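Chains A and B, in that order, give the protein sequences. Reading the first sequence from the start, the letters are residues 121 to 517 in my numbering. Reading the second sequence from the start, the letters are residues 7 to 361 in my numbering.
Bear in mind the hints are in silico, worked out from the structure with no lab data behind them. Be aware that a few hints might be false.
Straight line, CA to CA, 20 Å or less: simulated SDA-like cross-link-like pairs of lysine to any residue [stated by the list, open to error]: (1) K201/B / H174/A; (2) K146/A / D130/A; (3) K9/B / P258/A; (4) K173/A / H199/B; (5) K414/A / Y29/B; (6) K408/A / K201/B; (7) K358/A / Q308/A; (8) K124/A / D167/A; (9) K9/B / H174/A; (10) K231/A / Y29/B; (11) K163/A / A121/B; (12) K44/B / D81/B; (13) K169/A / P247/B; (14) K319/A / K408/A.
One-sided excerpt, in silico: chain B residues whose CB lies under 8 Å from chain A [as the list claims (entries may be wrong)]: (15) A306; (16) N308; (17) A309.
Remember, it's a predicted structure, so these values are computed and weren't measured experimentally. Note that the Cβ used here is the ideal one computed from N, Cα and C, for glycine as well.
Chain by chain, the residues run as shown.
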Amino acid sequence: MTDKKTPLLDELEKGPWPSFVTEMKKAAEKSPAAADLLLQLEKSYRDRKGYWKHGGIVGVRGYGGGVIGRYTDLPEEFPNLTEFHTMRINQPAGWFYNTDALRTICDIWEKHGSGLTNFHGSTGDIIMLGMQTEHLQPAFDDFSEAGFDLGGSGSDLRTPSCCVGPARCEYACYDTLDACHNITNTFQDEIHRPMWPYKFKIKFSGCANDCTASIARSDCSVIGTWRDSLRIDQDAVKEYVANGLNIQERVCDKCPTSALKFNPETKELTVNAEDCSRCMHCINVMPKAIQPGKEKGASILIGGKSTIVLSAFMSWVIVPFMKMESENDYEEFKDLLNRIWDWWDEHGKTRERIGETIYRLGMSKFLREVGLPAVPQMVFRPRANPYVFWPQDEIKK
Amino acid sequence: MAKIDIGPPHYKDMLPPVIKENYGKWRYHEIPRPGVLKHVSENGAALYSVRVGSPRLISIDFVRELCDLADKYCDGYLRFTSRNNVEFLVGDESKVEPLLAELEEKGLPVGGTGASISNIVHTQGWVHCHTPATDASGIVKAVMDDLYEYFGSMKLPARLRIGLACCLNMCGAAHCSDIAIVGVHRTPPRIDHEKVQKGTEIPSLVASCPTGAIRPNPKTKSVVVNEDKCMYCGNCYTMSPGMEILDAENDGCAILVGGKTSNARSVPSFSRMVIPFLPNNAPRWPEVTQAVRNIVEVWANNARQGERMGEWIERIGWEKFFDLAGLPFSEKLIDDYIFSRETFRTAATFKYSKN
């Protein structure tokens with residue numbers, strides 16, 4: 121441990137929430153790089169700015185991504201941060217671990233890196249934070265030997281992630297873990313060797329509660345839903361009434377499509393399935409009494425991304441309902457992805473996300489060229505202007 | 007040579023027996039106390055998930071400590087949530103209380119369920135990023151210390167999701183959060199011509215500017231910036247280290263509110279800016295923590311049960327929100343970028359307010 125002081129960071133060891141500074145200090149006892157990181161961060165706190173250079177190209181054999189180069193701006197002051205790269209390790213679906221696997225990760229990271237990690241990064245990977253170039257290949261070799269692989273980085277398919285799904289959630293409308301694992305394995309080349317205009321993220325949420333925030337955070341959101349009627353257990357409804365739940369106020373009045381009717385005499389709750397838009401509110405309030413329907417699948421949405429450059433986009437519907445079943449190996453979904461990527465590859469500009477490419481060239485062109493039929497579920501409302509790009513074959517010549 | 011493209015370990019090897027046996031058979035869940043979820047399967051089996059907040063930037067010692075706890079109470083299994091919480095998966099009900107006692111002893115916070123604030127999703131900040139306008143972990147620590155009481159209780163009107171992104175790249179995708187804290191720059195890039203000449207593709211740099219403020223300058227083999235057009239997004243700096251955008255004196259945080267990603271009741275929505283700038287007052291960002299607490303409390307005191315931040319504001323109207331929160335309104339909060347028109351009030355109906 122260093123004898124230099126970190127008075128500003130020490131302030132962040134106070135208070136009840138677990139402190140990242142304490143974590144950095146623990147790592148600093150074993151790793152000179154972590155010790156320098158603490159001191160560089162203290163300088164950032166004093167000067168109110170970051171001290172990292174732009175990344176350089178580093179990597180391991182056979183991969184085009186998965187490692188992000190990181191170098192300090194102040195190598196003379198903090199020599200142990202001269203190389204301080206990040207390695208992304210693909211997490212198991214649903215972020216489940218046994219302790220053997222976690223301890224193995226810790227041992228490898230103790231041997232090769234700073235001892236600092238994120239469980240997990242924003243996209244879903246385990247983030248190994250801070251290692252020297254010469255350790256990259258040996259660390260990867262150890263991870264590979266232990267059954268772990270790299271995640272995505274750069275202009276490639278980023279590591280897909282999923283919600284807890286049927287492993288622990290009664291709302292899951294498809295097997296998010298199986299879908300995520302299967303599709304991740306199918307597209308290893310796309311994850312590990314960047315070849316596209318820009319990054320592409322996929323997130324799998326089992327229902328419209330969207331616990332992976334897929335609609336905001338992924339280029340392709342796969343959100344579980346059903347196409348028959350939600351199921352209501354009237355005995356359980358009566359139990360909720362007996363326990364004091366005001367069903368009219370808390371459930372029916374909040375239903376966005378007024379699809380639910382509660383009869384206070386008979387204490388029965390009924391749904392008009394045709395009106396239900398499957399938002400999950402009633403199920404969230406009364407999970408014992410209301411379940412999703414039986415004919416389950418997912419809605420596929422496209423284009424979600426954050427602010428840079430054209431503004432933040434939320435994904436929009438391109439397939440209202442698709443079966444998501446392991447029996448057919450998710451063929452329909454994979455086939456759609458391949459068509460979308462081919463189209464984007466052909467039309468996208470450098471550093472243009474798929475949503476921006478579609479926005480620039482038009483939804484109608486995108487739908488036509490990837491072979492998706494236009495349906496009203498794709499829009500909140502139709503266009504208000506008359507500027508239709510008419511296909512030439514529909515015009516008399 | 008090591009094997010490549012093996013993909014992630016199989017999740018089935020990571021599932022505790024109670025989950026393997028009841029996979030896809032869960033029937034309902036309850037929250038017996040804040041931070042503890044009880045899932046019951048069709049055949050009556052129960053799983054207790056004990057949710058614990060983590061600082062996200064953690065040491066391997068911390069991970070090993072989690073492993074010790076999981077070995078002791080959960081047959082060696084645990085998981086992490088999409089918000090950097092840890093979940094201990096307890097199949098044996100009699101082990102829940104002892105686990106909770108040991109967590110308390112270790113100072114690990116249990117909570118983040120139901121109508122609470124969950125962990126703040128955030129980015130790397132000064133710890134490890136090259137474009138940050140603010141730190142991430144430090145603000146998160148300060149805000150979570152301040153709102154700690156709302157993590158381990160469920161007394162808010164609804165769940166509260168806070169996200170923090172340390173620059174407009176928004177790796178933390180904070181843009182659909184109940185409260186988003188976003189690092190912002192306020193000054194145009196300062197060009198280091200030597201760096202631009204050395205390692206930058208000029209056409210890509212020019213194309214990276216969303217407002218067309220950057221033009222090539224063949225004379226200097228570099229670029230010029232039309233500062234009137236620059237909105238300080240920093241996209242050029244991502245393309246070239248010669249477009250220095252970090253500015254210690256002028257960088258800081260904006261606060262946006264009212265976003266969500268869930269479809270429940272109302273459609274997912276973007277967070278909207280309510281405070282354009284707060285200073286980077288390290289180490290504890292008192293202006294930011296105070297602003298966040300104020301917004302949380304105004305919502306908690308005024309919203310109806312079950313109303314997310316944005317649902318409440320949309321019901322009462324944004325003009326009333328600024329009154330209730332005591333926040334000044336200014337032209338900085340009116341969008342003047344490309345999708346602005348849809349935010350203008352094209353109706354004669356509104357409420358009067360003090361602002």
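How the hints compare with the structure:
For the hint pairing K201/B with H174/A, the CA-to-CA distance comes to about 12 Å; that is within 20 Å, so the pair holds. Proposed proximity of K146/A and D130/A is supported: the alpha carbons are some 13 Å apart, at most 20 Å. With a C-alpha separation of about 12 Å, the suggested pair K9/B and P258/A falls inside the 20 Å cut-off, and the hint holds. At most 20 Å may separate the alpha-carbon atoms for a hinted pair to count; K173/A and H199/B meet this at roughly 17 Å.
At roughly 17 Å between alpha-carbon atoms, K414/A and Y29/B fall within 20 Å of each other, so this suggested pair holds. In summary, the hint linking K408/A to K201/B is not supported, as the alpha carbons are separated by about 62 Å, beyond the 20 Å threshold. Distance hint between K358/A and Q308/A is unfulfilled; the C-alpha atoms sit about 50 Å from each other, more than 20 Å. Restraint check for K124/A and D167/A: the C-alpha separation of about 17 Å stays at or below 20 Å, so the hint holds.
A distance of roughly 30 Å separates the Cα atoms of K9/B and H174/A; the hinted pair therefore is violated under the 20 Å criterion. A C-alpha spacing of about 36 Å is found between K231/A and Y29/B, which places the hinted pair above 20 Å, so the restraint is violated. Between K163/A and A121/B the CA atoms are separated by roughly 38 Å; this puts the pair beyond 20 Å, and the hint is violated. Distance restraint check for K44/B and D81/B: the Cα-Cα separation of roughly 17 Å lies within the 20 Å cut-off, and the hinted pair is therefore satisfied.
Distance hint between K169/A and P247/B is fulfilled; the C-alpha atoms sit about 15 Å from each other, no more than 20 Å. Distance hint between K319/A and K408/A is unfulfilled; the C-alpha atoms sit about 41 Å from each other, more than 20 Å. Using the Cβ-Cβ criterion of 8 Å, the hint placing A306/B at the interface with chain A is not satisfied: the shortest such distance is roughly 18 Å. Annotation: interface hint on N308/B violated; nearest CB of chain A at approximately 18 Å, more than 8 Å.
Hint on A309/B is violated. Least Cβ distance to chain A is approximately 13 Å, over the 8 Å limit.
Checked against the numbered hints given earlier, this structure breaks hints 6, 7, 9, 10, 11, 14, 15, 16 and 17; the rest are met.
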